[in-house]
Amino acid sequence: MSEWNSYQIQDFVPFSADVYFRMLERMGETFWPLQLFTLAVGVAALLLALRGKSRVALLLLAPVWVFVGVAFFAQRYANLNWIGQILGWVWIAQAALLVLLAATGRGTAGPVESHSANNITGVLISLVGLLMFPLLAPVLDTSWTQAEVFGLHPDPTGVVSLGIFMIALRGWAQWLTCLVPLLWITLSALTLQVLEAPWWGALFAVAAVAVGSLIGQSRVVLARSGR
Amino acid sequence: MEGKLLRRQFLKMLGAGVVSAWGFPGLASAQSPVLLSKPIPSSGESLPVIGMGTWRTFNVGNDPELLAARTQVLKAFFASGGGLVDSSPMYGSAADTLGFALKQLGIPRTLFSAEKVWSPAGGTTREQVTSLAERWGLKTFDLVQVHNLDDWQEHLAVLRELKASGVIRYLGITTSHGRRHQEFEQVVASTEIDFAQMTYNITHREVEARLLPLAKERGVAVIANRPYDGGSLIKGLKRREKVPAWAAEEFGCRTWADFLLKFIVSHPAVNCAIPATSRVEHMNENMAAGAAPLPDAKTRQKMVAYIESL
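If you read the sequences in order, they're chains A and B.
Last residue of the first sequence: 227 (this note's numbering), numbering continuous.
Last residue of the second sequence: 1310 (this note's numbering), numbering continuous.
Since the hints were derived computationally from the structure, they do not count as laboratory data.
Some clues are possibly wrong.
Claimed, not checked - Distance windows between CB atoms, simulated:
no., chain 1, residue 1, chain 2, residue 2, range
1, B, P1293, A, F31, 54 to 60 Å
2, B, P1039, A, W199, 50 to 56 Å
3, A, W32, B, P1213, 56 to 62 Å
4, B, S1190, A, I83, 31 to 37 Å
5, B, I1107, A, W199, 40 to 46 Å
6, A, A17, B, E1249, 34 to 40 Å
7, B, R1210, A, G201, 51 to 57 Å
8, B, G1122, A, A205, 41 to 47 Å
9, B, Q1186, A, S225, 55 to 61 Å
Everything numeric in this text was worked out from a predicted model, so none of it was measured.
The C-beta atom is built at its ideal place from N, Cα and C for all residues, glycine as well.
Between the sequences and the hints, there should be enough to build the whole structure, so can you do that?
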């Protein structure tokens, strides 16, 4: 038997569903009512991106990524999974990238393209992250303390950020910034599938739609430039 | 030292068929079935046939609620006379959870602590053992195994020194999911080890052909991991099927845990199966499966045929 053929997704998830969801719940309990502030930050970042204030939007997102990298990945997730420390550093590095792009303005989009298909997709993805995740709590008949919220939990933070990057950035900067949220969303979807959480498919759908839209936009840009 | 001798004497009593629940005063239920035990070939010390794994189930981080819940699971294990508790540094916070639980419960005389060292070795074997022992709240371990054969030559060389100096009592190697069996076989055949841990359950019986007979011949104790195939086997059976009536008549099988675990520990080369659970009721089911009677060779064949027919 080939060694790699013997591995399954569940071999890479070292915790059970009750432990993971309890960790998400404790995150919400610990920082309440910070969720209200981070949600407002998410909405503000989305509106700023739509108005062409891409650099300010990126600056608003950077501390959110640092917070999730430290408070969620390094301080909590790493207790359950050795990869948590690495993910924490990756999220902090992503925040540094956002600051760099905001400071230089390189790769940022202007307001003229605000009605493009890519932007509409970005808005829809952001709204999924801002609204769907918190609303999963009442839909699944669980406590509000179990709600996953942008700015505290990695799934909604990754999804909202992905949508905003699709609006606020273009070209290589867009692909570069979208890489980490796309990888996390895919990793999280696989984890949720193993844990039998019913919404894992929604995360895969978000990643697929985002990649499709990014590829579509890249092709349009290449066609316009005559390459 | 005296405590160790008392424990050894106690474990020998287990081998003689004495009720193992004596090992944890105040916790044993009057209705606890007698947990069978088998001798470790290299020492003759008896080991209860049902142990406990901790993959996924004991990785709970620092959540007080979940730490308390897992303490109850461990308490149920020892109350039924359980001995071998197996963990690994790759199981996240499992070692810390065991340390928390053992601090609450006290160290039971029956505890047979089994840990692993993993890659990269790089001169860290002693450090890994010391660090893990601290996390468990123990001075040392009964058994340290080389996880998935990672850097096994370097690890085993150091573990031999630790065993010679009395820091650990036994050493071994592990594999799972049927991985690296050829190399595993070579190590078992050519190296002095006390334990070999491998995947063995009623749907994964590859080791019956070569590894189990070899372990028996070489006097190596066998720990069977993934007895429920990661949980999917018993979940599927519980959902779809009733335990066949003939199993109850032939070897007192009442639950699917009985069926699956008795199959494993009735193999002559297997010393111990290590199911993992996060629930007390499942732990009680697992431990009950370690009581007599066990199926004979003919019944074992019938069990395989039955499972394959489903």
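Using the beta carbons of G1122 of chain B and A205 of chain A, state whether their distance is inside 41 to 47 Å or not. Roughly 43 Å apart at Cβ, these two residues keep to the hinted range, so it holds.
Hint says 55 to 61 Å; check whether the CB-CB distance for Q1186 of chain B and S225 of chain A agrees. Hint holds: Cβ distance 60 Å, inside 55 to 61 Å.
When you take the CB atoms of R1210 of chain B and G201 of chain A, is the distance between them in 51 to 57 Å? 43 Å, violated
Please test the hint of 54 to 60 Å on the beta carbon pair from P1293 of chain B and F31 of chain A. 56 Å, holds
Range hint compliance [Cβ, A17 of chain A to E1249 of chain B, 34 to 40 Å]: 38 Å, holds
Evaluate the given range 31 to 37 Å for the C-beta pair formed by S1190 of chain B and I83 of chain A. Hint holds: Cβ distance 35 Å, inside 31 to 37 Å.
Has the hinted range 40 to 46 Å been met by the Cβ atoms of I1107 of chain B and W199 of chain A? 43 Å, holds
May I ask you to test the hint 50 to 56 Å on the CB atoms belonging to P1039 of chain B and W199 of chain A? Because 51 Å falls inside the window, the suggested range holds.
If you check the beta carbons of W32 of chain A and P1213 of chain B, does the distance land in 56 to 62 Å? 60 Å, holds
The earlier numbered hint that this structure contradicts is number 7, and it is the only one.
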